[in-house]
Amino acid sequence: MVNAFWIIIAGSLVAASCALPGCFLLLRRQSLVGDAISHAILPGIAIAYLFFGRNPWVIWISATCFGLFSTILMDWIHYKTKLQADTAIGVVFTFFFAIGIILVSFFAGNVDIDQECVLYGEIAYIPLENKWLGVPVSIWRQLILLVFIIAAISIFYKQFLITTFDEEFAKLSGFQTTVWHYALMGIVSLATVVSFEAVGAILVISFLVVPAAIAFLLAHRLISMLIISVIVSIIISFAGYWLAIAFNASIAGAMAVVSGISFIVIWMYEKIKKIN
Amino acid sequence: MENFWKFVLLSEFHVRYVVIGCTLISIGTSIVGVFVSLRKRALLGDVVSHAVLPGICLAFLWKEEKNPIWLGIGAFISGWLAIVCTDMIRRYSKLKEDASLAIVLSIFFGAGIMLLTMIQQSDNASQAGLDSFLFGKAASITSDDVKIFGGIALLIIITITLLYKHFQILCFDEMFAKAIGLPVKKMELLLSTLAVLAVVSGIQSVGVVLISGMLIIPYAAARFWTNRLSVLLLIAALIGSLSSIGGVYVSYTISRMPTGPWIIVIAFFFAFISFIFGTNKGKIVKLLQNWQYQRKILDENILKTFYQICEKSGGNISFCSVETILSKRAYSPLKLHNALQRLWKQGYIKPEKKCWKLTPEGYEKGKRIVKLHRLWEVYLMEHLKLNPEHVHNDAELIEHIITPELEKELEEKLRYPQYDPHQSPIPY
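Residue numbers (our numbering), protein chains in the order written: chain E, 1 to 276; chain A, 277 to 704.
Keep in mind that the hints were calculated from the coordinates and are not lab data.
Incorrect hints may have been included.
Below are the DSBU-like pairs computed for lysine-lysine, each with C-alpha atoms no more than 30 Å apart in a straight line [claimed, not checked]:
id, chain 1, residue 1, chain 2, residue 2
1, E, Lys-273, A, Lys-372
2, A, Lys-370, E, Lys-274
3, E, Lys-274, A, Lys-611
4, A, Lys-370, E, Lys-82
5, E, Lys-271, A, Lys-461
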């Protein structure tokens with residue numbers, strides 16, 4: 001029971017940290033950039049593992065740098081070569097992910113990172129970790145990150161809001177749109193890195209996009225969208241855990257399935273409400 | 277080296293299958309990728325590739341064996357369903373294209389991972405290796421696989437060849453395609469189906485995560501070489517197959533190296549090379565064009581200066597020393613020297629008494645530039661109502677670009693004006 005408690009807490013923290021920047025990505029129509037970042041951080045993680053071992057802070061920094069670097073590269077390719085934005089995304093993230101997989105398989109014997117944990121994450125092992133003040137250390141880290149993300153978004157709420165909804169107006173009003181764009185990408189990268197540890201590289205996208213999409217269907221204001229997305233993400237991680245236990249399956253996968261089901265339910269609810 | 281020849285000559289039975297299989301697969305994916313990318317749906321492949329996983333798992337759960345035909349059919353059905361779902365979300369909710377793609381991708385893949393872990397926890401012995409679909413395992417391609425996946429690639433190539441003209445119109449001018457009565461919706465569906473087929477054929481070699489790169493990267497690389505669709509397809513297929521062979525070679529010679537990621541890395545390398553050296557919008561070509569253009573502007577500006585000096589002197593063909601030009605325009609002496617030598621070679625000026633003299637051709641050319649400059653100033657003032665003080669800089673840029681046809685049109689539209697806004701005469 002205690003194990004379940006810690007896993008659900010970790011899931012909720014990670015899901016909430018992803019859902020908040022996910023809302024902005026969705027509104028900016030850049031959801032797939034989130035997908036790309038979550039793949040592109042892999043080489044950063046592999047390199048950090050290789051040189052510094054299991055030091056989570058170094059992994060965070062190096063992976064976040066790779067995430068940011070990949071977005072800069074995508075933008076650069078898009079503007080410099082006139083290839084469409086989605087082509088640039090596809091080119092960059094597959095390349096980064098390929099490099100990551102090569103590094104992981106090359107050093108497979110030397111470091112304790114393998115393709116399994118790239119895929120599934122280690123959320124199931126969180127209760128087995130060392131504890132500090134009775135709480136597993138990775139939960140402390142996830143908590144710090146969530147506090148950081150909430151703080152960043154509330155302090156710069158106005159800037160994120162205005163650059164998201166009306167970039168032209170923001171530019172005219174003297175906001176540094178590029179700075180805020182990359183600030184958001186940095187937050188997305190950070191959130192992605194932390195969720196990577198918990199749920200693996202590929203399912204981060206479900207945490208980034210689905211709660212945000214559900215909130216987008218329900219809310220009419222940004223602030224309510226953010227709050228709803230956090231609530232939804234907590235419910236999803238709770239239900240996802242029990243689904244995983246029931247079917248003896250991957251917790252991350254089950255959370256994605258639950259978010260899918262909730263999306264369909266909310267979507268249908270919206271449709272029916274409109275008809276009546 | 278011995279390994280290299282062994283590989284090139286395909287002397288090992290097993291390697292032969294892997295090379296042939298991967299090459300066929302990559303030709304199929306690259307060709308479909310070109311069309312999908314041109315339709316601006318490059319990430320469709322990404323969605324489909326993630327979405328085939330639950331299909332594979334369900335097919336396995338049903339048949340309880342790793343028969344590539346059944347797994348392929350399962351993958352095809354769930355990939356196709358994913359496309360239908362993205363269309364549904366886009367059409368019937370207020371979510372945009374990117375969100376619909378991301379939602380479908382993550383939910384299908386999550387379901388796939390859940391099923392996969394369920395299968396792995398079960399006692400079924402034949403499940404081992406099912407997860408190789410995630411990252412691909414080209415080394416395990418057998419002769420049966422080559423027949424199936426090669427057959428799919430062939431099917432794609434034949435379909436594209438038969439409907440080449442139609443797809444061409446669809447990609448470059450959808451409106452026109454609609455206007456001449458092509459079934460745009462159906463063709464779009466066919467293209468999506470081909471994309472699903474390509475992805476399904478490719479998961480064996482690169483795995484579901486990286487197959488979208490196999491669709492997009494060859495296109496991105498080929499784009500730097502040509503604008504013609506037929507050549508684009510050929511180059512994309514060539515780059516795709518070369519990187520496949522390269523990837524197989526790396527994993528053949530170095531132990532523990534995965535094939536799929538190496539295919540992607542080599543393809544990316546090709547894309548980078550194309551970006552630098554490509555003949556169509558490549559970096560070097562662009563720099564060269566830019567440089568030539570700068571040189572042309574410099575030459576024309578010097579001729580213009582000659583003409584203006586000559587105009588001031590009252591029409592006598594004048595002599596002009598380097599110092600006079602330098603006093604009029606801030607060029608570096610070396611640059612000016614080179615330009616003068618160039619103009620001499622082209623026959624626009626010739627040296628005379630330690631000075632430079634305009635030849636009749638040079639006079640005509642300088643006159644034309646001055647005329648275009650002043651005509652444009654008139655045009656800006658009369659038709660765009662710009663203040664005469666603001667027209668000079670714009671004219672300075674446009675005078676090098678105006679074609680003879682435009683020149684004629686300008687003259688007629690302005691009815692051969694006598695003077696420009698600064699009261700200088702316009703020479704005809």
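Now for the hints, and whether the structure bears them out:
no., hint, in the structure
1, E:Lys-273 / A:Lys-372, "holds, 21 Å"
2, A:Lys-370 / E:Lys-274, "holds, 13 Å"
3, E:Lys-274 / A:Lys-611, "violated, 72 Å"
4, A:Lys-370 / E:Lys-82, "holds, 29 Å"
5, E:Lys-271 / A:Lys-461, "holds, 25 Å"
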